[in-house]
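Just so we're on the same page, our numbering is the position in the sequence shown counted from 1, plus 169.
No lab work stands behind these hints: they were computed from the structure.
Take the hints with a grain of salt, since some may be wrong.
[To be verified] Okay, derived cross-link-like pairs now, BS3-like style, lysine-lysine, Cα gap no bigger than 30 Å in a straight line: (1) 377 <-> 330; (2) 369 <-> 334; (3) 249 <-> 328; (4) 249 <-> 330; (5) 328 <-> 369; (6) 372 <-> 328; (7) 329 <-> 249; (8) 329 <-> 369; (9) 372 <-> 249; (10) 249 <-> 377; (11) 377 <-> 329; (12) 249 <-> 369; (13) 377 <-> 334; (14) 330 <-> 369; (15) 334 <-> 249.
[Unchecked claim] If you anchor each label on the Cβ, the simulated ranges turn out as follows: (16) 373 <-> 225: 40 to 48 Å; (17) 333 <-> 183: 27 to 35 Å; (18) 333 <-> 299: 12 to 20 Å; (19) 325 <-> 178: 26 to 34 Å.
A quick note: this is a predicted structure, and the numbers were derived from the prediction, not measured.
We treat Cβ as the ideally placed atom computed from N, Cα and C, and that holds for glycine.
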Amino acid sequence: MEPSTLAEVQALLNVTARSLASHCGLENDASDPDVRSEERRFADLRRQIGLIQRWPRHQAVAVYSEFSAQYLPALVALYKTYTTPYNIPMMTINSISDLPYFVRLQRTPVASDMVVLQATRIADAADGPSDLDIIAEQCQFLSTLLVLQGTTSIPEDVKKKLVPKLNMWRRRYNGQFAAETAGRCYEALRGARDMVEMSKLMKGTLEKPLNQCGAQGCCHRTDSADSELKQCSRQVTSLSSSTGTLMSLAGSLQVAAQRIRSNTGQSIKSRAILQLFDRPLV
């Protein structure tokens, strides 16, 4: 579904927090109602997220952070109104799920059940999607939720339906990104030792900006996991500023993977596990 006028093309090229919210259906002016169908909004959102992925990282983080600060709670509430595993709010949250805004929100009661919802939706879907990009995105989102929220809250009957489906995808689409993301979820739900270790490292990395000041050279931390980091005496920092710290840790994860290999005396069997740490944190 292509834009048909010059004005529509220019609007798509002007990516802002508000434009993303508009595509999600979160910004609708009563005096100028958005008459686009959901299918059209979905297509326009995909185009703008595609543009952001080509931006310098700091520029992308700035827009995503502004969007998250203003709209994330409403976006999560919208996600909960769907029953399908792949939808507008899912795709959008997947794009910002590495940011501290989402990492903090998913700890709270309003979002703590998202791993159960996404796992159940994928398991209950009658027909698997034929589009490999859809499989990849919905499984990538689930894999992030499995890292952050774990597997214990997912009902056993859901796991029994979901694991065979993930196994089928990782085998059928071997060598494709859909197989990579399905493989991460498969290994996590099976409790594979390598994936458990990797998930612990990734969760610690994602949560670090919530517990440590984002000012360069400052190591001030919260006193406990239950307390929130307030303004540091050295510098007032925001969650978005600490995202840079998160990005800089990607290299250390590879070192950690090598350490796990040395400690276990085994190579990490699943290439999908290593891909978890190659994922851009934007």
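Hint check results:
Proposed proximity of residue 377 and residue 330 is contradicted: the alpha carbons are some 34 Å apart, above 30 Å. Between residue 369 and residue 334 the alpha-carbon distance is near 25 Å, which keeps this suggested pair within the 30 Å criterion. For the suggested pair residue 249 and residue 328, the alpha carbons sit about 20 Å apart, so the restraint of at most 30 Å is met. Distance check on the hinted pair: residue 249 and residue 330 sit about 21 Å apart at the alpha-carbon level, within 30 Å; holds.
Distance hint between residue 328 and residue 369 is fulfilled; the C-alpha atoms sit about 21 Å from each other, no more than 30 Å. Between residue 372 and residue 328, the direct Cα distance comes to roughly 22 Å. Compliance with the 30 Å bound is thereby established for this hinted pair. Note on residue 329 and residue 249: the hinted pairing holds, with a Cα-Cα distance of about 23 Å set against a maximum of 30 Å. Distance check on the hinted pair: residue 329 and residue 369 sit about 24 Å apart at the alpha-carbon level, within 30 Å; holds.
The straight-line distance between the Cα atoms of residue 372 and residue 249 is roughly 23 Å, inside the 30 Å bound, and the hint therefore holds. Under the criterion of a C-alpha separation no larger than 30 Å, the hint pairing residue 249 with residue 377 is consistent with the structure, at around 27 Å. Distance restraint check for residue 377 and residue 329: the Cα-Cα separation of roughly 33 Å exceeds the 30 Å cut-off, and the hinted pair is therefore not satisfied. At roughly 27 Å between alpha-carbon atoms, residue 249 and residue 369 fall within 30 Å of each other, so this suggested pair holds.
For the hint linking residue 377 to residue 334, the alpha-carbon distance of about 33 Å lies beyond 30 Å, and the restraint is violated. With a CA separation close to 25 Å, the supplied pair residue 330 and residue 369 stays within the 30 Å bound. The suggested pairing of residue 334 with residue 249 holds, with an alpha-carbon distance near 23 Å, which does not exceed 30 Å. At roughly 27 Å, the beta carbons of residue 373 and residue 225 sit outside the given window of 40 to 48 Å.
Restraint check, residue 333 to residue 183: a C-beta distance of roughly 45 Å breaks the suggested window 27 to 35 Å. Separated by about 18 Å at the C-beta atoms, residue 333 and residue 299 satisfy the suggested range of 12 to 20 Å. Here the CB-CB span from residue 325 to residue 178 is close to 50 Å, at odds with the stated 26 to 34 Å.
The structure does not agree with the numbered hints 1, 11, 13, 16, 17 and 19 stated previously, though it agrees with the rest.
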